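A.B. asks: Protein chains in written order, with the numbering used here: chain A, 1 to 490; chain B, 1 to 478.
Check before you lean on any hint, since a few could be wrong.
[Said to hold, decoys possible] Residues of chain B clear of chain A, computed beta-carbon distances all greater than 10 Å:
#	residue
1	Asn83
2	Thr284
3	Asp289
4	Ser349
[Stated by the list, open to error] Residues from chain B shown here face chain A by an in silico Cβ test under 8 Å; the list is partial:
#	residue
5	Ile95
6	Arg271
7	Asp277
8	Pro280
9	Phe448
10	Tyr450
[To be verified] Label pairs and their computed distance ranges (CB to CB):
#	chain 1	residue 1	chain 2	residue 2	range
11	A	Phe334	B	Thr31	28 to 36 Å
12	A	Lys383	B	His294	51 to 59 Å
13	A	Gln348	B	Gly190	47 to 55 Å
14	B	Gly190	A	Phe334	25 to 33 Å
15	A	Pro101	B	Lys290	57 to 65 Å
16	A	Thr344	B	Thr31	51 to 59 Å
17	A	Val294	B	Lys76	47 to 55 Å
18	B	Lys57	A	Gln348	36 to 44 Å
19	B	Thr31	A	Met1	53 to 61 Å
20	B	Asn4	A	Lys383	36 to 44 Å
21	B	Lys76	A	Pro87	21 to 29 Å
Just so you know, these hints were derived from the structure itself, not from any lab.
This one's a predicted model, so the numbers in the text were calculated from it and none came from an experiment.
In this text, a Cβ means the ideal position worked out from N, Cα and C, and glycines have one as well.
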Amino acid sequence: MDLVNSSLTDISNAVKDQKISAEEVASFFFKRMKDLNQSLNAVVFEDENFLSAARVIDSKISKGEELGPLAGVPFGIKDMLCVRNLPATAGSKILQGFVPPYDSTAVAKLKNAGAVILGKLNQDEFAMGSSNETSIQGAVQNPWNNKYVPGGSSGGSAAAQASRMMAATLGTDTGGSIRQPASFCGVVGVKPTYGRVSRYGVIAYASSLDQVGPMTSTVEDAALTLEVISGFDAKDSTSSQRAVPEWTRALSKDLKGIRVGLLKECMRSSLHKDVEKSVENSIDELKKMGAEIVEVSLPLIEYAVPVYYLIAACEASSNLARYDGVKYGYRSDFKNLSSVDLETFYSQTRGEGFGAEVKRRIMMGTHALSSGYYDSYYLKAGKVRRLFVNQYKDAFKQCDVILSPVTAAPAFKLGERIADPLQMYLNDIFTTSTNLAGLPGMSVPFSLSTDGLPIGIQITANHFDEQRMLNVAWALESVAPAKGKRPHVF
Amino acid sequence: MSSNDFEAVIGIEIHVQLNTKSKIFSSDSTTFDSGDNENTSPVSVGMPGTLPVLNKKAVEFAVKTGLALGCNVSQKSVFARKNYFYPDLPKGYQISQHDKPICEGGSVSFVVDGVKKTVSITRAHMEEDAGKSLHHGDCTLINYNRAGIPLLEVVSGPDMHSPAEAAQYCRTVRQIVRYLEVCDGNMEEGSLRCDCNVSVKRKNESTLGTKVEIKNVNSFRFVEKAIEYEIERQIEVLERGESIIQETRLWDPDKNRTFTMRVKEDAQDYRYFPEPDLLPVTITQESIDKIRQHLPELPANRRERFKSDFGLSDHDADLLTSEREIADYFEETASACKNAKAAANWIMSELLRELNQGSKQIQESSLKPSDLGALIRLIDEGTISGKIAKTVFQEMWVTGKSPQEIVKEKGLVQITDPQVIEALVEQVLNENSQQVAAHKSGAKKNLFGYFVGAVMKASKGQANPDLVNKIIQEKLKS
């Protein structure tokens with residue numbers, strides 16, 4: 001069986017039909033993962049118990065037990081998500097040695113559906129970064145060109161998926177952390193509607209923005225994975241009670257009557273010529289397939305990055321306060337604890353445990369929340385956020401989905417922007433507004449740049465309308481010039 | 001200038017521990033005497049990725065309390081994060097309520113030194129408790145069992161002016177939450193903790209003085225003593241021409257004084273912001289009304305009813321309504337014997353004394369109110385004398401038997417047959433002929449009581465005392 005090129009459903013069916021065992025599938029990918037990871041550095045913790053998990057699937061099959069849609073399908077999980085008995089560090093030294101005794105709900109749902117976890121994937125520290133260069137476990141290489149970043153913060157998931165170390169992966173997206181690396185690495189990445197997927201067990205960066213989503217090789221795989229991990233969770237008060245539709249079964253390339261909104265503001269901004277061309281081509285293809293193209297406007301989009309960085313930093317400054325060296329994770333090596341005062345204990349532990357970018361955001365957030373600044377920063381950012389929601393509401397009166405670039409340019413080189421945080425932040429111009437409005441958005445691979453780097457197209461839909469977003473992406477995928485193109489590691 | 005020229009201004013924050021079975025944001029148990037860190041889970045120790053889920057019972061208890069304190073209950077209230085670092089605070093922030101608390105604007109009335117006093121309630125908000133740091137020499141251990149226990153912080157207006165008023169306010173709030181059965185009010189276990197805000201100002205001045213907070217006072221007596229000390233201290237400082245430092249102080253019960261915990265300069269900026277992990281708390285007017293309908297009769301109302309329905313004095317009504325269980329016991333006893341005054345007296349004198357001696361609560365009493373009522377009925381019907389009744393009561397207290405049973409078993413029925421008593425009187429007078437002579441001649445006075453005592457003794461206390469008196473008088477006259 002050509003496992004590397006098989007869909008999740010094909011793998012699962014083959015395992016269920018006993019054409020191949022879950023053990024064989026898992027062993028194949030585990031070996032591939034180990035081999036490829038030596039250069040890519042996408043995997044930070046391997047699950048040495050993957051075989052026993054696979055054997056459980058096989059034994060259930062031999063007993064004739066009913067199995068879920070991901071039976072025997074190997075997954076990689078971003079380190080941001082807790083997987084029981086595997087380390088969870090969120091790419092940070094401060095969580096060194098922490099092993100959660102619980103599964104995040106998304107991972108528990110994967111396991112319930114029969115998935116086999118192979119390992120934890122690299123990421124920017126606490127998901128703060130757009131290049132996967134802020135991880136304590138080191139930078140990840142882009143499988144298409146090892147001089148380039150894979151994007152971030154889910155850079156490990158994107159690189160692992162692009163090189164097909166496993167059948168599918170999970171990432172998290174707070175301001176574009178799934179969609180941007182998906183675009184840079186040529187994989188499908190979905191950020192669902194806020195509330196679709198439980199955040200329980202997902203290490204918090206910015207609680208009101210964080211969402212878990214699939215990063216896969218195809219739209220169909222993404223739809224299936226999303227279907228498995230979505231749904232109300234009593235452990236997450238912000239998860240939605242809405243029923244989860246059968247997206248995979250309802251996938252359709254029929255775009256007749258679908259109104260695709262082209263974001264006016266993005267075409268005005270200075271796009272890389274390859275990205276511009278890619279957007280234009282995608283519009284032409286959609287027209288050919290019967291979609292109606294309308295121009296829509298989000299005049300406030302230029303404020304998305306500052307508003308996002310305020311809200312995210314404020315929430316992060318509080319979310320990361322629990323990492324204090326008292327209960328778990330890293331504690332500074334105090335020779336004689338009894339002679340250390342509390343403030344030194346904290347500042348030394350946190351000073352050593354957090355990286356520069358995380359500290360920068362904790363400081364920004366702490367400042368913006370402090371008395372005298374709260375109204376002009378956090379409160380005002382919240383008001384602008386509501387305006388974003390309203391602008392999208394208006395836009396979705398004119399169209400069903402919005403099409404835009406994911407980023408203004410393809411992947412940049414390792415080390416190119418790490419010293420310039422502002423340049424790095426501007427990467428997120430087209431992705432952050434989706435999170436601020438709580439909308440579903442995804443990146444679907446479309447073309448390759450003249451340098452041979454992947455370029456994705458972003459499709460955003462109205463709240464809980466993942467179906468139309470997936471349909472448009474599925475249609476685009478079928479006509480994408482990059483279809484069938486593989487990075488050099490294949 | 002004397003201390004009479006000053007006026008104290010006191011406001012109190014009471015942390016009421018709501019006695020739900022599980023914590024406010026997790027399913028951990030709230031049992032008090034569990035082993036160290038036994039009542040914890042990844043959620044309550046703030047492990048990465050865990051999320052709070054609001055306990056609905058805690059909200060119901062908060063609404064109940066708010067209504068009983070006369071507050072407006074908000075249909076929408078918001079949890080906020082109060083950010084500060086301390087090892088016993090697992091997440092680095094406490095989930096509390098800030099600008100949108102669940103209850104606002106109530107009041108509580110009570111009587112101090114015979115004068116009715118009303119104190120306003122500014123607000124009452126829900127929050128989670130922190131863990132407990134245990135300092136052992138040069139190391140500190142933390143027990144997170146308490147982390148996440150639901151609290152309702154009840155904040156009064158700065159309406160009190162004396163230590164006695166403050167203590168009585170605290171007692172009244174405790175009595176109310178105990179009536180509601182939302183808090184056991186156990187101050188030793190920390191189920192109720194008082195923070196006292198005290199300032200003094202010269203009487204002729206209108207602006208308030210600088211306020212000092214005395215934190216975590218754990219008994220009403222200490223509330224009174226700490227405030228008393230603090231008022232005197234502040235007046236002394238002002239009289240020296242110095243000014244009060246805004247600070248947080250603690251009460252040292254051994255040294256009978258307050259001392260500095262931290263001064264305002266160190267005070268934290270808590271950087272409150274709405275808790276993004278929880279939705280706003282919404283309660284429909286319908287469910288608020290439903291909770292209101294099911295509120296029990298509150299102590300103040302019950303006290304008035306006891307006075308008007310049973311003719312009890314202020315003192316007796318106070319005592320008998322001090323605890324809901326005592327009031328219930330009284331009402332059951334009174335209805336069983338149809339003699340409220342006697343029921344009140346028996347409970348206040350005999351029963352409460354026995355309970356105190358055995359350090360028991362009234363609900364633990366082996367003596368049932370219906371039996372106490374039956375005992376009173378036996379007296380009122382003349383079956384036993386009041387004196388015998390005390391013996392029967394003792395027996396009931398020890399054995400838990402009914403009074404009828406005891407009276408029957410021990411043959412304690414009162415002798416009311418005049419012929420039997422007459423025979424006893426004659427026997428006693430015959431045996432004491434010298435005294436009879438002395439009485440009649442007037443040589444000795446006050447022998448009458450002696451004869452009565454001797455007759456009662458001869459009857460083993462069972463003779464009806466009224467008849468004994470009457471018959472002796474008749475016999476001595478002849």
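A.B. asks: Against each hint, give a clear statement of whether it holds in the structure.
C.D. replies: Hint check results:
| no. | hint | in the structure |
| --- | --- | --- |
| 1 | Asn83 | violated (5 Å) |
| 2 | Thr284 | holds (18 Å) |
| 3 | Asp289 | holds (25 Å) |
| 4 | Ser349 | holds (55 Å) |
| 5 | Ile95 | violated (11 Å) |
| 6 | Arg271 | holds (4 Å) |
| 7 | Asp277 | holds (5 Å) |
| 8 | Pro280 | violated (10 Å) |
| 9 | Phe448 | violated (81 Å) |
| 10 | Tyr450 | violated (79 Å) |
| 11 | A:Phe334 x B:Thr31: 28 to 36 Å | holds (35 Å) |
| 12 | A:Lys383 x B:His294: 51 to 59 Å | violated (41 Å) |
| 13 | A:Gln348 x B:Gly190: 47 to 55 Å | violated (32 Å) |
| 14 | B:Gly190 x A:Phe334: 25 to 33 Å | holds (31 Å) |
| 15 | A:Pro101 x B:Lys290: 57 to 65 Å | violated (40 Å) |
| 16 | A:Thr344 x B:Thr31: 51 to 59 Å | violated (36 Å) |
| 17 | A:Val294 x B:Lys76: 47 to 55 Å | violated (38 Å) |
| 18 | B:Lys57 x A:Gln348: 36 to 44 Å | holds (42 Å) |
| 19 | B:Thr31 x A:Met1: 53 to 61 Å | holds (55 Å) |
| 20 | B:Asn4 x A:Lys383: 36 to 44 Å | violated (54 Å) |
| 21 | B:Lys76 x A:Pro87: 21 to 29 Å | violated (41 Å) |
Going through the hint list in order, the structure does not satisfy hints 1, 5, 8, 9, 10, 12, 13, 15, 16, 17, 20 and 21.
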